[in-house]
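Enquirer: Starting from the two chains in their separate frames, assemble the complex, guided by the hints.
The listed protein sequences correspond, in order, to chains S and L. Here the first sequence stands for residues 1 to 298, where the numbers follow this note's numbering. Here the second sequence stands for residues 299 to 549, where the numbers follow this note's numbering.
Bear in mind the hints are in silico, worked out from the structure with no lab data behind them. Take these hints with a grain of salt, some might be off.
[As the list claims (entries may be wrong)] Cross-link-like lysine-lysine pairs, in silico, DSS-like; alpha carbons within 25 Å at most:
(1) L:K436 / L:K415
(2) L:K492 / L:K301
(3) L:K319 / L:K536
(4) L:K319 / S:K197
(5) L:K384 / L:K415
(6) L:K536 / S:K197
Model, not experiment: these values are computed from the prediction.
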Amino acid sequence: MLDRLRLKNNLDNLPSSTIRLITERIGFGILTVIALTTVIPILAILVLIIVNGGGAISWEFIAGYPSDGMRAGGILPAIIGTLYLTMGTAIFAVPLGIAAAIYLSEYAPDNRWTRLIRLAIINLAGIPSVVYGLFGLGLFVVFLKFGTSILAGSFTLAIMTLPVIISTTEEALRAVPQSFRVVSISLGGTIWQTIWKIVLPQALPGILTGVILGLERAAGETAPILFTAAAFFLPRLPNSPLDATMALPYHLFVISTQVPGMPIGIQYGTALVLLAFVLSMNIIATIIRSRARARRQW
Amino acid sequence: MNKIEIDRLSLHYSDGTESLKNISLNIPANAITVLFGPAGGGKSTLLRILNRLNDLADVIYLSGKVLLDGQNILDPKVNVIALRRKIGMVFARPVVLPMSIRQNLTYGLELAGERDKSAHQQAVERSLTQAALWDEVKDRLDDPAIALSGGQQQRLCLARSLALQPDVILLDEPTSGLDPISTGKVEASLQKLKKEYTIVLVPHSVQQAARTADYAAFFLQGELVEYSEGKDIFVKTKDKRTEDYIEGRFG
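One chain only, chain L, in its complex shape (with noise of 0.2 Å):
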């Protein structure tokens, strides 16, 4: 079943950068959807339009449809805000916000106006497991999250969007700064967390997409030059430029 369908989508920045070109691309459901490709390919532009954060962003030009459910989250009657509580982000650079590691968590349900001590609790404690980091921080709660290693932050981060119980979770190179140990945990709890979301992850290698990949789409200078499901794309390649970059003669 397709979560997401993206259909001739097209994006200019006003700055002439990155752009998509009539991009159309199914996402299922309960599966990880891969988007790999050189830098400037249009990857983190198209996770970005899909929780509208390129609201931010000076757009100039955008055409198409992303139908989630059925729904087009481009129409500008949708609910944004709403939009982003089932549409979960982590970014490259692990960001916490400045306060303990439980009000990280918090912070969306208070956003959303939920105030239920109790609720707040379940969701510290389900999201942190989730995330493969309860064990390691259910003691120190109320510590500043600053002082978690980098690996644990990213986590941090990753079960700060759980906590808002998405229906997506865009991940855009979460691991890109992190040791292969904590890169593995990641990996690991998204293997997981796929039987119940649907995860888009740009990863930071394609080794990366090659391991967690069950779909795989491959983003050069914004278009979409393939698409395939399972691994397909890295044995049985079809497109010559997708093999050029997969075997590293360009990136």
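Only chain S is shown next, with the shape it has when bound in the complex (with noise of 0.2 Å):
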């Protein structure tokens, strides 16, 4: 007994234990700069932006049209153009990547041939946006005569934004409790049953977020609308689906490269149009997020 407690105390009073502390404090600190710097790129962004663009912003700029050679007036039709090709994105991704991600994880055998559409929907999320572009260039404006238009450019989109839809929703589906599953079957349900009165409500709110992410990319892309939907100057609003149309992203890319004598508020004030719209999604998907968390009853 006696021995034990010398033995305590000797191990108490060695050197290094107050070493290893101090070095754990050390760890600690330096990570905790490191993880402090990762905030400020994404502060200096919103600074930069809203210290330059912010007085750009105007009723004027926001519901007008571009005039003097987009040098002056608003941006109205850019704005129109990015919610019609973000809608169109929805119309033909949201369904399908639901819809592929619920046969992937609710009905799919476990086999060569789902392991190949597994790979291949990785694969896709990895190609960049420049060669998506390309590949509606081809397909859809070129081969099934779409032209330049919110048609062509939804399409595109929808194809870069299925796989981030599909990976997430099938997360989300593959978070629902295997037991509901179980106990629903054993009640007399069929899969369909199970999944539509189950597992989709319970998964909603993930399938919601992964969807609302998936659409603020393509919304802040340029790359895949260049060839495909974006108008270099289009000063009235698209009026059919087989139109051109601006877009924010691409009307960026336009005024800050290719319009001499542009001043740098339309510029910046364009830049901050773009981000409220995609952090406002962001937001929103967090909210939806946060709010499901909080009423979850698994």
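Expert: Right under this line is the structure:
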């Protein structure tokens, strides 16, 4: 007994324990500093864009048409164009992506075909966006004769967004406890009833979050619409899905590189609008997620 | 009268785990038949065959017959959905669905296409009474089921099966996670329920087997070692292995 006590005291007094404590403090300190530095670029971007672009924001800027070779006036056609493209993307990508995820998560047997499909989806997510643009040009604009149009752009963006929607939806479906499915089936439910009444409602917040994050990426992309949908300058609103359209990211590219004598306020103002558009989608997704988490019953 | 007749049933899973070896067993109506034995003996597997939940598992070999009221339920032409409505199941861990107490009970009815609200209300009241839960929850039927205690949740799961008015109730260690008082309530419910239903119970202990059994079957590594009427198996044990298990020499 006495021996053991003495041993314990000896361990406490070892010099190495103090050193260990100090190294631990230093280690955590360094990690904290590193974590904080990652916030700096985000803050810097926000500050830069708000300071330079905030002054340009006005009702005329948001609801007006560009004039003087885009050097003055507003960006309404670009805002509406991005809205149209995002909605078009949603119409094609959301049903297709969710259906594919349901199949993969709930029905697909674990065989070579399923693994091949998953591999394809993973690889689809890794393709550079400009390649999607070129593909869209070849397939939708030229071969299917959609022309440079909202339709062609939406299809292209939809294909690019699909992997994001499929993988996040599949993850949300898999997060629903397997025991719910077994119980539902043991009560005489079909697989489809089980999906429709239990799995989908429980996975919905996760699915919505994934969908919004996918669409957010589509809304901000330039390359896929470059050859498929975007008009350099179109001082009116598109009046059919087969019309070309202005869009915020492409417009930003154009006024930043292609137009000499461009007032800097309009460039940053456009960036600010695009950022607000994308960030607000992000915030909606975050709200959905945190609300669902608070209400979740498992 | 035999409700279920199992005839030379054999089964193997693809991963080589638990299997059943040539099981023949009659399960009488209006009685509690207890399947007991150490883990991995095939008790749960047998339960899951009785309502074809094993369709979801990776079974590579299945032979023999299981007759429910004379009809072979392993026949591929059997309507599995209708079968599962007739044979209810209660699992070891209480799994309440993420909805209200009432919705948990009417869920099976809705799956079956029953939309009549008064039929729902009737089923809720009857099944909760049968599971000895009505008095505790009658004033909060629309509360989330997850708010109930573990024992209440398990009785809700029992009530959920009863709401479909099945013929047979299968229970797979239904009280393994419950305190003695909740366990007592579940066992008391079962004693009442056996007047109307055929009950197959995998108990979580030998003591529970002895308390509840009208008929008892001892399973060891996929084999049916011994089967007896009443408590005979516990007092006049025939097989050495059964005796060793009951007396706690292994397990």
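Enquirer: Out of the numbered hints, which ones does the structure contradict?
Expert: Result: hints 4, 6 break, sorted rising.
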